[in-house]
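Listed below, chain by chain, are the residues.
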Amino acid sequence: MNIPVLEIENLKTCFDTRDGMVTAVDGVSLKVNKGECLGIVGESGSGKSVTFGSVMGLVKKPGFIAEGSIRFNGRELVGLNGKEYRRLRGKEIAMTMQDALTALNPAYTVSNQIIEVLLAHDDALTGSRRSKKKQARGKAIEMMQLVGIPAAESRLDDYPHQFSGGMRQRIMIAIALSCKPTLLIADEPTTALDVTIQAQVLELIADIQDKLVMSVVLITHDLGVVAEYCDRVMVMYAGQIVESGPTRDVIDNPQHPYTQGLLNSIPRLSDLDRKITPIEGSVPELIGLAEECRFMGRCLKATDACKTLIEMRDNGVDHQVRCINAGMVL
Amino acid sequence: MTDMLKVRGLVKHYDTRRGIWGKLTGNQGALVQAVSGVDITIQQGKTLGLIGESGCGKSTLGRAILRLHEPTSGTIEFDGVDIINLDAEAMKAMRQKMQIIFQDPYASLNPRKTVRQIIGQPLKIHGKVSDAEVDGRVQEMMERVGLKVGQMNRYPHQFSGGQRQRIGIARALILNPKFVVCDEPVSALDVSIQAQIIELLAELKRDLGLTYLFISHDISVIGYVSERIAVMYLGKIVEEGDTHTILNSPMHPYTQALLSSVPQVDRTGVTKDRIRLTGDLPSPVDPPRGCRFHTRCQYASEICKTDEPLYQTVSGTHSVACHLVGNSG
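As given, the protein sequences belong to chains U and H, one line each in that order. In this text, residue positions in the first sequence follow my numbering: the first is 1, and each later residue adds one. In this text, residue positions in the second sequence follow my numbering: the first is 1, and each later residue adds one.
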């Protein structure tokens, strides 16, 4: 049963810069269902963080949402004012940032930062402000235990710099999960971490996702992470989704030349003799793009037919691709 | 096959203990034991992959080998010469043969210099050639690494990450070195660009007969580029062997855990048999007694807490430092 929690339709987010209008997200449509984990893959500048920054209402001047709709549990988010957004953020939708050290406030203890969220959003807290604070502190300890921080009670009043990178990431997850959100957006949660710690953090998220029947959006550039943890995956390139589908389907049977190129450019431990093939060239500038395939300049299969507006098209069950050559044997 | 590099018992400590100031402020500092007795050998024309988590001392090791950071003790034999006792002038001459490529292509290039100046500087420092010759060599090198010669008067910020890394590579190779330390050369790059740089480094190695020490935390990359792999944990090498042996039959529990933690595209769902390491890397200021890995090792027994395991050869060229492996196990 697929109940959509988040529905984005034709989202277009632009930044008005000195050099011209940058369309960082250009016509993104997607759905996140209840309890599922959606992976968003793309290189830097592909628009993956801006897409979900738009969902969180975090796009600030010179950026703005030019078009499109973002619905969360049926409610339109585009155009909400600051107050309405604050009620939602942290409570129903939570986001963890890539770099835990810059996302946490260095001047406040960890307990301060977890309790702040609870006091703002948790309706289960009752009584005077003092008693609420006390209950929140208890919950903060629970959260820290949940994310696997040893000696949680004694470490609660430490500052972020006193924790290691993996522990900081856990603290950010603890803050994000403290109000049991319906949707967690995890932006590169493990990029800054070592592999053994990465495994711990990802398994923690998967575990909590199961327990709370939470939906998760996992933004990453690591296809291995997607393969192991995500139900569905979307590949972004230059502000657009170029391929989307069930993870296994997309990875085993990629249709877009960019997805194929990505998969061919990573060495695989299981087959080190397999030669890697880089994608030549680099990502186009996002200013003044013509209505044509954006990958054309780097694509080996490009023809004149690619110089038109290209829409997503169906390619099998729940598998879509933005390429006119998809499905054809070349 | 001759040995290009032979390192024995290399130790690098950073002493941040302070004198009177430390006493007054209460900030005593500490003795950071970044590298604690490392033996490695790299044969000419081969790549040794050095893998380990952040803070294990792998970058320090790379720099200590070039004497960019003066080693605390140990010996380094490079191309048949003991370089540890060379004076500054002799060492400078030796550095023409040993170069380094840095991780961050943003921080390792001087933003105020043009690409021509950056790539040509090593030639000028070593005072070998006239300005015209420098330009000629710079152009040759730029073409070699896939940069457009027409861009030689541009500044680093006008290039993308991948192109900057090419500039760093050109700078390292312009003196025709024999040995290059590649310190996480692709970690800061996007996946598709990573592959371009890996292929470029492989091609240069083939064509110029280079020897690499390739430092990375990415096991897939290390596995792809190296003939041999050394695994480092908290300042020590815990296992070393042929790439095939290390990846297919690792013996040290740390290597096993590291390998099983790597997410792979051809696996679905969280693997049930994944070895889960708990906790974080202990501090190199106060490394655990005995085996340094015992605090996170699922097989640790009493002896691991007290005695340091010997680094012993298990078969052929495969060496492991673990009580569970070899005679006792």
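Quick caveat, the hints were computed from the structure, so don't treat them as lab data. Ideal Cβ placement from N, Cα and C applies to all residues, glycine included. Careful, some of the hints might be misleading.
Unchecked claim - Simulated pairs of lysine-lysine, DSBU-like, Cα-Cα distance not exceeding 35 Å:
hint, chain 1, residue 1, chain 2, residue 2
1, H, Lys6, H, Lys92
2, U, Lys275, H, Lys92
3, U, Lys301, H, Lys6
4, H, Lys205, U, Lys301
To be verified - Over the 10 Å line for every Cβ pair with chain H, so calculated as not near, a few chain U residues:
hint, residue
5, Pro4
6, Phe72
7, Lys134
8, Thr182
9, Thr196
10, Tyr229
11, Asp314
Does the alpha-carbon distance linking Lys205 (chain H) and Lys301 (chain U) stay inside the 35 Å limit?
Judged against 35 Å, a Cα distance of about 31 Å means the pair holds.
For Thr196 (chain U), which was marked as not at the interface, is the minimum beta-carbon distance to chain H over 10 Å?
The claim breaks: Thr196 (chain U) does not keep its Cβ more than 10 Å from every Cβ of chain H (closest is about 4 Å).
Lys275 (chain U) and Lys92 (chain H) were given as a pair; does the straight-line alpha-carbon distance stay at or below 35 Å?
38 Å, violated
Least C-beta distance from Thr182 (chain U) to chain H larger than 10 Å:
23 Å, holds
For Asp314 (chain U), which was marked as not at the interface, is the minimum beta-carbon distance to chain H over 10 Å?
The claim holds: Asp314 (chain U) sits with its nearest Cβ about 23 Å from chain H, beyond 10 Å.
Non-interface claim for Phe72 (chain U) versus chain H (Cβ beyond 10 Å):
Answer for Phe72 (chain U): holds, closest chain H Cβ roughly 28 Å.
For Lys134 (chain U), is the shortest beta carbon distance to chain H beyond 10 Å?
30 Å, holds
Lys301 (chain U) paired with Lys6 (chain H) [C-alpha distance capped at 35 Å]
Answer violated: Lys301 (chain U) to Lys6 (chain H) is near 48 Å, above 35 Å.
Taking C-beta pairs only, is Tyr229 (chain U) more than 10 Å away from all of chain H?
7 Å, violated
The output says Pro4 (chain U) does not contact chain H. Does that hold with a beta carbon cutoff of 10 Å?
23 Å, holds
Next pair to validate is Lys6 (chain H) with Lys92 (chain H); report whether the Cα-Cα distance is within 35 Å.
Holds, because 19 Å separates the two Cα atoms, which is no more than 35 Å.
Violation of the numbered hints given earlier is confined to hints 2, 3, 9 and 10; the remaining hints are satisfied by the structure.
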